[in-house]
Amino acid sequence: MIDQALVVFDGVVKRFGGFVAVEKLNLDIRQGEFLAIMGSSGCGKTTTLRMLAGLEAPTEGEIRLRGKRINDLPTWQRDTPMVWQSLALFPFLTVRENIEFSLRMRGVERSERRKRVDKWLERMQIGEFAERNVAHLSGGQRQRVALARSLVTEPQILLLDEPLSALDAHLKIRMQTVLSNLQRELGITFVYVTHSQSEAFSMADRVVIMSRGRIEQIGNPQDIYRAPRTRFVAEFLGSSNIFAGKVSNVSEAIVRISTPAGEFEVASNATRHLSKGDKATFVVSGDRVLLSNQPPADGLNRLQASVVGEEFVGATAVIHLEGAEHIEIKAQKSHDELERLNLEPGAKVWVSWRPDASHVLPGE
Amino acid sequence: MRKSITFYGLTLSLPMLVWQVLFFLAPLIFLVALSFWTVQNFRMVPDLNPDNWTRMLGRGVFWQAYFRTFLLSTSAAIVISVLAFPCAYAVAFKLSETARRWAIFLMVIPFFTSYLVRVYSWQIFLSDNGIINALLAKVGLGPFGMLNSVFGVMVGYATLSLPLVVLLQLFSLIFVDRTLIEAAHNLRCGRLRTVFEVVIPAAKVGLVIAALFCFILTFGDFVSPLYLGGGDPPTLSILITDTTKSGQQWPRAAVIALTMIATLLAVAFATVSFAYRERGR
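For the record, the sequence lines run as chains C and B. Count the first sequence with my numbering and you get residues 1098 to 1461, in order. Count the second sequence with my numbering and you get residues 12 to 292, in order.
Pulled out of the complex, with its shape left as it was, chain B reads as follows (with noise of 0.2 angstroms):
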């Protein structure tokens, strides 16, 4: 049966249709056309070149940093619902009703503070004299280089998308349904046993968008690799300013822009349709 579009669906829809023309895809057909451009005497000109094109993906510097980012990206991906999934399981099965609501609150509390500042405030835990390595030299360790380093950056990623990779893996484990534990015991399967053969496919839809999420927020972010890992070999995020900083030249971190939306959006496709496949016919 087709699906009539009513006057009022239209009506009350229409705020967020403007709002995705005006702010998404206009600037995004912007986009496309300024990576055509050409820049003379430190001015851009309209034009239809495709030398911005050739020129970037030409590149090595352009690769290694794709590549970086894109690598760095995927780890955290990883490693951050793997940290994230005991937190989120004990939550969801473990504590009663109350608990629950409480840990849920607290977890929504990082988000009051910039994510800025809670990376700054990191450079003063993690750096040569920072706190860890005074406590540490206490104890007669360290110092350990941790700013400016993968780690530090890993951290930052995770300041940034281990919460809210919490709060959705938690919301996909409430809903498991828990006669399906039960019955994977029964058909004696053994705790740990049923976390992975039950719970995890069972809840394998909002892991996997939890873990796009942090793969998405990551894959852009500029603050962590810069003040966290030091910005040397650069993300493609750094490159874009480093990029807009030499010789204006905007139209070359169009390039990169696009090729940073083309890489999310082909990720964000495969990423859902595996969530959603099915076992069988």
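The following block holds chain C by itself, in its conformation from the complex (with noise of 0.2 angstroms):
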């Protein structure tokens, strides 16, 4: 795996003053994929897309490009363009100057750079706005000229700071297609730093999620919605229910969990090696929580709780309840099941999963 690598962090500290914005970073970028650098704001992500494009200078540690140390290279030198969330096009060229701008900067001649330009305002399908003043494109065009400006060069890899932000959310999506196809018919590097969820899951090939200038967890999307490694990562993800206490028993295929809310029961080969009296932490995502109004079947790892309120997203909705001890629980259901249950705000309901459908989270 390491000879694939196309970027190394190695050990790398970014300190602001007394601020530490990352710290001791270990990452490998791979050659060809799209990496979504993920948190929320102040982690550290764009620092770290910042550093790498050469814009800041890491503190300690050492950033390799294809084996070279970068860390004094000055972003002029270095073959890593970015995408800003502003997109940050020149107001005072048109479109196709933009494109053109870094192949001027290489010294490339007028009939190539002309060719060249082409070539690309016909991929991203701009051309008819070639010759406009990019002030009075639309997001979606801007984006695309954003784009093109960068990928001009043929990069072996592409940095893009929140570059859908701006836009609405049906643009968006299509955005979203228009770069994973580019990133796979390109075959180059991306590396998307992003705090929405959908957008990292939904585009990249690994997902690194950050806090607090650490990586909490790397991993692909599915790995990461399933097996969350530690509590903040749960709790980004916002759709799992957390549940800490003490390992109370350990038999073959079940470890008792002993939580302020009740003893549940986890499947063990969900979970690492437990031993009586160790601290767990477990999780059980939202749309593998049964409701009922009866109490649930034999086998199941139940509670009651009462329903604090409902949240509707999309076709599913999210309901809100508290357990005993001020527990929060959130169940995701369709609308259908819901008509089903009696879910007036305040009514008691029975909460139920099975041993297998909770997760305990290896890093707490």
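To be clear, the hints were calculated from the coordinates, so they are not data collected in a lab. Check each hint, because a few of them may be wrong.
[As the list claims (entries may be wrong)] Quick list of simulated restraints, FRET-style, between CB atoms: (1) Val161(B) x Val1117(C): 46 to 52 angstroms; (2) Arg1220(C) x Phe280(B): 40 to 46 angstroms; (3) Asp1215(C) x Phe34(B): 57 to 63 angstroms; (4) Ile135(B) x Gln1174(C): 49 to 55 angstroms; (5) Pro97(B) x Ser1262(C): 33 to 39 angstroms; (6) Glu1225(C) x Leu276(B): 37 to 43 angstroms; (7) Gly1460(C) x Pro97(B): 26 to 32 angstroms.
Because the structure is a prediction, the values reported are computed rather than measured. Every residue, glycine too, gets a C-beta built ideally from N, C-alpha and C.
Please dock the two separately framed chains into a single complex, following the hints provided.
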């Protein structure tokens, strides 16, 4: 795997005065992958990207591009074009001149420049706007200009800093498709920074989740979603119910964990090695929680909770409940299913789940 | 949508409107009328005589002064803009927030003293046995004739407009989007080249307006060309005073003044439209 790494962050630290933006970052970025770096604002994701672009210098550690240390290489000598959140198109240049900019900086001659810009104008379907002022384009068109401007030199890597956050929902989805296709067709590495889970999970091959300057988890979207490593990741993904407690009993197939909300069984194949008395935190994702007005069948974990409210999320709804000791529980259900239940606010319902629907956080 | 003029809006803008009519429009109209009057026995007589115009515009001296003034002001606008730019750039991009505030404060200080006083003090520095030549003599150089030369005029013009040009440039540079500069670097544009490829185009409006201000201020200036330039050959403003002194020729002076106003309007209009011209459709 090592020889596949295009970029290596080796123990990289970035401090701004007393503030630690990135703490001991170790990260391999592979040739040709779509990597999303995700986290809330201030988590260090943008700083990481800017260090890769050469816009910030690491305080400690080493960044290697194709095995070569690039810490001190100024950004204009790296081949790491970036797409900014604001796009940073030059307002005093036309669409063509914007795209042509980096070719001109490299001294590519006029006729060759024209040919390569034309190719990208066509590829991004913005040929008809070539001589327009960039200020007179729509958001989606500007996005395409920014992409063409960065890609016209055919780099090995493209850095994107929340480029879709200014677009409306519909356009966002369309641009996601454009980006995914582009990445696949070009076969180059995309490093995509975002705070949006849906953007990261729908496009990326691998997702890095960061918090307070550290990597919380790296993995493909499916794995992270099904098996969050830490409490932070589980909370960040938002749809999970989190129970913290102590192991009270370990048998061959089942681990019993006692929490303030009750004692629950967790299938042991879903756990790290646990022994009696260990602290353990497990999650049950909201779509695996069952609700009923009658007591549930035997063999299920169960607790009683009262309904707090309901939240519509498109085709499904999230029911917020409160169990003993003010434990918050979220259940994601279809509207059909909800109609069969009595879910008046304050109503008591049974919450249950199968032992193998839970996942013990290995990082806690 | 038609903007409707509200009662309050009108009331609030009324003082400005009255001021403009009383002290700009009315004198201007009077000046136009005056330029057609005649002078008989050192007394002005209301008339509708185009003689002043044909005489003034037909004179070599007038055109000489006109082109000299135009050339001096154009050179001043260019030279002073170029001198001001590194300073404005450094203050805008290299200084910390606090240092920048101090720099702006210091640049306001020259305006505390009257321009005339500052020009007089330059005479002490620039004259043949002045401070600068005395210092140069110590190292065996000079004396250089700096007073009563184009150099002297430029020093005076810089005294008049350099602080203002720096401030105007500074305020346009501060508002240049920093991500544009980063983007240029990221697209392989080196530091110095970025200044010309991105910073100057992005701040173009402010830079051009600053140069325009320099042109306007120096075009009508009377002090520097007279006290530092020697007044010979005259600039237009010196020509105006000469004309009024010789035989009470106020109507002919009005012709010069109107030509100057027309020139300034044309230059200002052309410059502003150049500043705001956009690339592409």
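- Task: Return holds or violated for the Cβ distance of Val161(B) and Val1117(C) against the range 46 to 52 angstroms.
- Result: violated, 59 angstroms
ask   = For the pair Glu1225(C) and Leu276(B), does the Cβ-Cβ distance stay inside 37 to 43 angstroms?
value = holds, 40 angstroms
Within 49 to 55 angstroms or not, the Cβ separation of Ile135(B) and Gln1174(C)? Holds, since Ile135(B) and Gln1174(C) (Cβ atoms, about 52 angstroms apart) stay within the stated range.
Would you say the C-beta atoms of Asp1215(C) and Phe34(B) sit inside 57 to 63 angstroms of each other?
holds, 58 angstroms
field: Distance restraint hint 26 to 32 angstroms, applied to the beta-carbon atoms of Gly1460(C) and Pro97(B)
entry: Given about 54 angstroms between the Cβ atoms, the range is violated.
| query | Does the Cβ-Cβ separation between Arg1220(C) and Phe280(B) fall within 40 to 46 angstroms? | reply | holds, 43 angstroms
Does 33 to 39 angstroms hold as the CB distance between Pro97(B) and Ser1262(C), or does it fail? Holds - the Cβ-Cβ distance for Pro97(B) and Ser1262(C), about 37 angstroms, lies within 33 to 39 angstroms.
Checked against the numbered hints given earlier, the structure breaks hints 1, 7 and satisfies all the rest.
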